[in-house]
Amino acid sequence: MSEVPGEVRDLYPFLYERRAAEQDAGALTEEVVRSAREKAAGIAALRREIATADADRIAACAAAMAKRFAAGGRLFTFGNGGSSTDAQGLATTFLHPPGGPAAGAVVLPALSLTSDAAVVTALSNDVGFDVVFARQLAAFGRPGDIAVGLSTSGGSANVVQALEEAARRGLLTVALAGHHGGRLAQLACLEHLFVIPSDSVHRIQEAQTTVYHVLWELIQQALRAGRGGGR
1 MSEVPGEVRD
11 LYPFLYERRA
21 AEQDAGALTE
31 EVVRSAREKA
41 AGIAALRREI
51 ATADADRIAA
61 CAAAMAKRFA
71 AGGRLFTFGN
81 GGSSTDAQGL
91 ATTFLHPPGG
101 PAAGAVVLPA
111 LSLTSDAAVV
121 TALSNDVGFD
131 VVFARQLAAF
141 GRPGDIAVGL
151 STSGGSANVV
161 QALEEAARRG
171 LLTVALAGHH
181 GGRLAQLACL
191 EHLFVIPSDS
201 VHRIQEAQTT
211 VYHVLWELIQ
221 QALRAGRGGG
231 R
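Position one of the sequence shown corresponds to residue 1 (full-length UniProt numbering), numbered consecutively onward.
It cannot be assumed that every hint is accurate.
Ranges of calculated distance between the beta carbons of each label pair, as one might list FRET restraints [said to hold, decoys possible]:
#1 A41 x P101: 33 to 39 Å
#2 S115 x A27: 41 to 47 Å
#3 E30 x R183: 39 to 45 Å
#4 D56 x A27: 42 to 48 Å
#5 D10 x S115: 28 to 34 Å
#6 E30 x G89: 29 to 35 Å
#7 D199 x L95: 18 to 24 Å
#8 H180 x P101: 39 to 45 Å
#9 D56 x H180: 50 to 56 Å
#10 T29 x G81: 28 to 34 Å
#11 R168 x P101: 31 to 37 Å
#12 A71 x A27: 55 to 61 Å
#13 G89 x E49: 28 to 34 Å
Quick caveat, the hints were computed from the structure, so don't treat them as lab data. Beta carbons are placed, not taken as given, at the ideal position from N, Cα and C, and that holds for glycine.
Make the full structure from the sequences, and use the hints.
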């Protein structure tokens, strides 16, 4: 098993601690179950901590976003790596909500700035990776829109630049970060910041997903109420 990369062994040590010939199937299953329960308990505790600490701020952010949407605003999302995937998932949730209009959901205009490979690679190659999101916001963003940046570290330069550009153009600025917030915690122009207090990238991303789904649910409630309960 020596050929297994060290980072993989560190993530799942119970899979590699024993020689293959010595591994007991029952014991391995118990270790897998224990690890899964431990991780599930960890993210559940983290979500409870966030709910206790940030419930009022999440509600305030949702109200501000709902007001922008009601006035015709659009949502732009962005992030790198796993946060890029989350940005796409966030945009999809708003643009193509579960159940759609038939289930009473309000379809909202949303675009992930990570989705166009031609634009992202052109800007990265011709200008620089730090501007891949800011340049798109400069082209598409307008006062009344919403910009949501995701970063597990809070230090992604292109996310910071995009939020600064969004603020200059009158967009509502929202960010989700991890650890201690990084550079995003120092960004004076940022209107709403939710920091996941964890050093685990996995738990940070799981908790960020919870935060933006709660935002979506609250925004849906606010917009349906504003439209006479969805009738």
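Status of the hints after comparison with the structure:
1. A41 x P101: 33 to 39 Å: 38 Å, holds
2. S115 x A27: 41 to 47 Å: Taking Cβ atoms as reference, S115 and A27 lie about 44 Å apart, which means the hint holds.
3. E30 x R183: 39 to 45 Å: 43 Å, holds
4. D56 x A27: 42 to 48 Å: With a Cβ separation near 47 Å, D56 and A27 satisfy 42 to 48 Å, so the hint holds.
5. D10 x S115: 28 to 34 Å: Hint holds: Cβ distance 32 Å, inside 28 to 34 Å.
6. E30 x G89: 29 to 35 Å: Holds, since E30 and G89 (Cβ atoms, about 33 Å apart) stay within the stated range.
7. D199 x L95: 18 to 24 Å: Given about 33 Å between the Cβ atoms, the range is violated.
8. H180 x P101: 39 to 45 Å: At roughly 41 Å between Cβ atoms, P101 and H180 fall inside 39 to 45 Å, so the hint holds.
9. D56 x H180: 50 to 56 Å: 21 Å, violated
10. T29 x G81: 28 to 34 Å: 32 Å, holds
11. R168 x P101: 31 to 37 Å: About 35 Å separates the Cβ atoms of R168 and P101, which means 31 to 37 Å holds.
12. A71 x A27: 55 to 61 Å: 59 Å, holds
13. G89 x E49: 28 to 34 Å: Because 23 Å falls outside the window, the suggested range is violated.
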